[in-house]
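Spelled out, the chains give:
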Amino acid sequence: MTAPYEMNDGSVVVVIGSGAGGGTLGNELAQKGIDIVVLEAGGRHEYDDFTNDEWASFGQLAWLDNRTTSGSWLVARDFPNLPAWIVKAVGGSTTHWAGASLRFQEHEYKVRTTYGEIEGANLLDWPITLKDMEPYYDKAENKMGVTRTNGIPGLPGNNNFKIMKAGADKLGYKECHTGRMAINSQDRDGRTFCQQSGFCFQGCKFGAKWSTLYTEIPKGEATGKLEVRANAQVLQIEHDDSGKVTGVVYADKDGNQQRQKARAVCVAGNSIESPRLLLNSASSKYPDGLANSSGQVGKNYMRHMTGSVYAVFDRPVNMYRGTTMAGIIQDESRFDPSRGFVGGYELETLSLGLPFMAAFLQPGAWGREFTTALDAYDHMAGMWIVGEDMPQESNAVTLHGELKDQHGLPVPDVHFDDHPNDIAMRNHAYRQGAAVYDAVGATRTFPTPPYPSTHNLGTNRMSAKASDGVVNSHGQTHDIKNLFVSDGSQFTTGAAENPTLTIVALAIRQADYIADQMSKGAL
Amino acid sequence: MRTVDKRQKLSRRGFLAASGGAAVGVALVTSAGVVSSPSGAWAMEVKALKPETMATLIQFARDIYPHDQIADRYYAKAVKGHDETAMKDAKHKAMIEEGIADLDRRAEAAGSTQGYRGMGWEAERAALLREISSTAFFQAIRGGLVVSLYNQKEIWPLFGFEGASADKGGYIERGFDDIDWV
Chain D
1 MTAPYEMNDG
11 SVVVVIGSGA
21 GGGTLGNELA
31 QKGIDIVVLE
41 AGGRHEYDDF
51 TNDEWASFGQ
61 LAWLDNRTTS
71 GSWLVARDFP
81 NLPAWIVKAV
91 GGSTTHWAGA
101 SLRFQEHEYK
111 VRTTYGEIEG
121 ANLLDWPITL
131 KDMEPYYDKA
141 ENKMGVTRTN
151 GIPGLPGNNN
161 FKIMKAGADK
171 LGYKECHTGR
181 MAINSQDRDG
191 RTFCQQSGFC
201 FQGCKFGAKW
211 STLYTEIPKG
221 EATGKLEVRA
231 NAQVLQIEHD
241 DSGKVTGVVY
251 ADKDGNQQRQ
261 KARAVCVAGN
271 SIESPRLLLN
281 SASSKYPDGL
291 ANSSGQVGKN
301 YMRHMTGSVY
311 AVFDRPVNMY
321 RGTTMAGIIQ
331 DESRFDPSRG
341 FVGGYELETL
351 SLGLPFMAAF
361 LQPGAWGREF
371 TTALDAYDHM
381 AGMWIVGEDM
391 PQESNAVTLH
401 GELKDQHGLP
411 VPDVHFDDHP
421 NDIAMRNHAY
431 RQGAAVYDAV
441 GATRTFPTPP
451 YPSTHNLGTN
461 RMSAKASDGV
471 VNSHGQTHDI
481 KNLFVSDGSQ
491 FTTGAAENPT
501 LTIVALAIRQ
511 ADYIADQMSK
521 GAL
Chain U
1 MRTVDKRQKL
11 SRRGFLAASG
21 GAAVGVALVT
31 SAGVVSSPSG
41 AWAMEVKALK
51 PETMATLIQF
61 ARDIYPHDQI
71 ADRYYAKAVK
81 GHDETAMKDA
91 KHKAMIEEGI
101 ADLDRRAEAA
111 GSTQGYRGMG
121 WEAERAALLR
131 EISSTAFFQA
141 IRGGLVVSLY
151 NQKEIWPLFG
161 FEGASADKGG
171 YIERGFDDID
181 WV
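Residue numbers (our numbering), protein chains in the order written: chain D, 1 to 523; chain U, 1 to 182.
Chain D with its partners taken away, still in its complex shape (with noise of 0.2 Å):
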């Protein structure tokens, strides 16, 4: 069969979501030619329609649906609708992601073995090792092009990179540089080289920062083998008598509800909305959700222990011009209790406009404290702080007991308490960050609390025992063999690094699986 593909045909394999995860995974299967629905709850928007304008690029991209949260953190006083920055549109959050593509150490596979028992923290082995995913990881970073592999040259550094590389040197870091981007330095894959234009976060309107929009999806597409319906948000996955999955229910553009057979269901929207799918689908034979007899959908919910630090100096900077995340330090993100936490962080330099700069600096902040900070907005640096947060069982993505959406499903809240020790890797990387601009100068600088999350994870958690998680090592869920988690909820553990590498990488190595499955008549 080609695409499009009929209602009523059971040979296709349905993905659920267009970004890292479900894009990916999407094309990887259709150039192997199996047969692909892919579902995108958000519209479809190719990057001449991205805009240069943060709130209106917000409205365009975010994903705006109602959501709750709950929990000591700051997000829930401050954004207490807006839990996660993540994106309804085909190409999910890769038309807003940064671009820093890192692979995961090697103890980070095997934190519980590493770390120990650490109180309050529900730690567990990955299931999987580096070995396994360093074929997946060479394979994803060729497809995504990204710097300092692969003979890609490094991108040139930005204004705020000079200052971080400057205030590095001066405190005797090692590894500082401009990064491992999946952001061209030079023309491939047919898509130009980055024009140092800032607003990665707004899409790129170069085509210049790798996204499933224009790459995946598109290759995918031309196979013939590859259908995407954009505005289709599904509502629940059904199932038969046996427990298989048998297909999906969607409200497509107009909200009338459409009911598409499937082979195998892969489900890839991210980690708020994947565990509320998976919940929603509860039926009389899984009273509890699909995929649930563990408990785990849902919980465990990590992202990244977070913050910000900017500074102002006694001169210019304008560190909105070029890359968002210009550069990196990566001599904190090593394993090493005796800074008092387990785990570690990344230092990536960020830039925010004027109006988010407003936003975000130091939500709810008024007066002259506040707005002299602004009034010396050309003369900032920044930098985001990316760390290793523990999972927690009580950090959770749960239905809404009363609230429900347009289309009468439960909304989702989102409950999130730091960890102790999150808080204690969370101020020794204020201190570090601060003491790199004061290396350089700095006349003031700000320690600034979360953004909504952009890194969402764990909520569908890869385990060994079926016991302990909810999908099995390729992803594939341990109660029912043809219904897959294909997002960064799968992740056991969080890592230092940005996720969205290890998300390509496990799709890559998930399409391997299936087709493997499939061929021997397995699935």
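Just so you know, the hints here were simulated from the structure itself, not pulled from any lab data. Keep in mind it's a predicted model, so treat the numbers as computed, not measured. Be a bit skeptical, because a hint or two may be false.
[To be verified] List of simulated lysine to any residue pairs, SDA-like, C-alpha gap at most 25 Å:
no.: 1; chain 1: D; residue 1: Lys219; chain 2: D; residue 2: Asn231
no.: 2; chain 1: U; residue 1: Lys80; chain 2: D; residue 2: Phe79
no.: 3; chain 1: U; residue 1: Lys77; chain 2: D; residue 2: Gly364
no.: 4; chain 1: U; residue 1: Lys77; chain 2: D; residue 2: Gly367
no.: 5; chain 1: U; residue 1: Lys77; chain 2: D; residue 2: Gln60
no.: 6; chain 1: D; residue 1: Lys481; chain 2: D; residue 2: Thr192
no.: 7; chain 1: D; residue 1: Lys131; chain 2: D; residue 2: Thr114
no.: 8; chain 1: D; residue 1: Lys219; chain 2: D; residue 2: Lys131
no.: 9; chain 1: U; residue 1: Lys153; chain 2: D; residue 2: Asp53
no.: 10; chain 1: U; residue 1: Lys168; chain 2: D; residue 2: Asp53
no.: 11; chain 1: U; residue 1: Lys168; chain 2: D; residue 2: Gly207
no.: 12; chain 1: U; residue 1: Lys77; chain 2: D; residue 2: Phe360
no.: 13; chain 1: U; residue 1: Lys77; chain 2: D; residue 2: Leu361
no.: 14; chain 1: U; residue 1: Lys80; chain 2: D; residue 2: Phe58
no.: 15; chain 1: U; residue 1: Lys77; chain 2: D; residue 2: Phe356
no.: 16; chain 1: D; residue 1: Lys219; chain 2: D; residue 2: Thr192
no.: 17; chain 1: U; residue 1: Lys153; chain 2: D; residue 2: Arg315
no.: 18; chain 1: U; residue 1: Lys168; chain 2: D; residue 2: Phe206
no.: 19; chain 1: U; residue 1: Lys80; chain 2: D; residue 2: Val249
no.: 20; chain 1: U; residue 1: Lys93; chain 2: U; residue 2: Ile172
no.: 21; chain 1: U; residue 1: Lys91; chain 2: D; residue 2: Gly364
no.: 22; chain 1: U; residue 1: Lys6; chain 2: D; residue 2: Asp53
no.: 23; chain 1: U; residue 1: Lys168; chain 2: D; residue 2: Phe58
no.: 24; chain 1: U; residue 1: Lys153; chain 2: D; residue 2: Ala56
no.: 25; chain 1: U; residue 1: Lys153; chain 2: D; residue 2: Ala373
no.: 26; chain 1: U; residue 1: Lys50; chain 2: U; residue 2: Lys6
no.: 27; chain 1: U; residue 1: Lys77; chain 2: D; residue 2: Thr114
no.: 28; chain 1: U; residue 1: Lys168; chain 2: D; residue 2: Pro316
no.: 29; chain 1: D; residue 1: Lys170; chain 2: U; residue 2: Asp177
no.: 30; chain 1: U; residue 1: Lys77; chain 2: U; residue 2: Val34
Let chain D serve as the given structure and place chain U on it in line with the hints.
For chain U alone, kept in the frame of chain D given last:
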């Protein structure tokens, strides 16, 4: 290195007319259905709220996010939406009118004879704002203002922010790496 010219770029007529409007806003003038700057540089029609309420709201907005380089008319534009909402929503109108009346009462209790706008020092007004900073009224004004003030493209150059760049070819030839002091 290339830096942004932060001077207000206005026509000669506009400059002359606006020069009075850049002063602190204590002296905003109200008349029936209108708030205007003392120089007459700008005027704003007020349809649902009392003009005096809008004048105080403009001062209130400046005291929340005080930037001396930003003229009153940008604060006026930033809070104008409350008048538009008040036209359609009686509850919103009541919240604003009562919130501002409460500010005036607090100002008089603190010794002002002309309400909140009559307090001479920003520090005196800021002290009142701290008293009410956890109220729904304050949060509604501040929460809207952080977008409606800073999302005005006209004020971005005053902070040295250049806005959209893709239409100019990005910064690759326009100073992305031109820092000359590190």
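Status of each hint after checking the structure:
{"no.": "1", "hint": "D/Lys219 x D/Asn231", "verdict": "holds (20 Å)"}
{"no.": "2", "hint": "U/Lys80 x D/Phe79", "verdict": "holds (24 Å)"}
{"no.": "3", "hint": "U/Lys77 x D/Gly364", "verdict": "holds (21 Å)"}
{"no.": "4", "hint": "U/Lys77 x D/Gly367", "verdict": "holds (19 Å)"}
{"no.": "5", "hint": "U/Lys77 x D/Gln60", "verdict": "holds (24 Å)"}
{"no.": "6", "hint": "D/Lys481 x D/Thr192", "verdict": "violated (41 Å)"}
{"no.": "7", "hint": "D/Lys131 x D/Thr114", "verdict": "holds (17 Å)"}
{"no.": "8", "hint": "D/Lys219 x D/Lys131", "verdict": "violated (29 Å)"}
{"no.": "9", "hint": "U/Lys153 x D/Asp53", "verdict": "holds (10 Å)"}
{"no.": "10", "hint": "U/Lys168 x D/Asp53", "verdict": "holds (14 Å)"}
{"no.": "11", "hint": "U/Lys168 x D/Gly207", "verdict": "holds (16 Å)"}
{"no.": "12", "hint": "U/Lys77 x D/Phe360", "verdict": "holds (22 Å)"}
{"no.": "13", "hint": "U/Lys77 x D/Leu361", "verdict": "holds (23 Å)"}
{"no.": "14", "hint": "U/Lys80 x D/Phe58", "verdict": "holds (23 Å)"}
{"no.": "15", "hint": "U/Lys77 x D/Phe356", "verdict": "holds (19 Å)"}
{"no.": "16", "hint": "D/Lys219 x D/Thr192", "verdict": "holds (17 Å)"}
{"no.": "17", "hint": "U/Lys153 x D/Arg315", "verdict": "holds (24 Å)"}
{"no.": "18", "hint": "U/Lys168 x D/Phe206", "verdict": "holds (12 Å)"}
{"no.": "19", "hint": "U/Lys80 x D/Val249", "verdict": "violated (44 Å)"}
{"no.": "20", "hint": "U/Lys93 x U/Ile172", "verdict": "violated (49 Å)"}
{"no.": "21", "hint": "U/Lys91 x D/Gly364", "verdict": "holds (24 Å)"}
{"no.": "22", "hint": "U/Lys6 x D/Asp53", "verdict": "holds (20 Å)"}
{"no.": "23", "hint": "U/Lys168 x D/Phe58", "verdict": "holds (22 Å)"}
{"no.": "24", "hint": "U/Lys153 x D/Ala56", "verdict": "holds (12 Å)"}
{"no.": "25", "hint": "U/Lys153 x D/Ala373", "verdict": "holds (19 Å)"}
{"no.": "26", "hint": "U/Lys50 x U/Lys6", "verdict": "violated (35 Å)"}
{"no.": "27", "hint": "U/Lys77 x D/Thr114", "verdict": "violated (57 Å)"}
{"no.": "28", "hint": "U/Lys168 x D/Pro316", "verdict": "holds (21 Å)"}
{"no.": "29", "hint": "D/Lys170 x U/Asp177", "verdict": "holds (20 Å)"}
{"no.": "30", "hint": "U/Lys77 x U/Val34", "verdict": "holds (13 Å)"}
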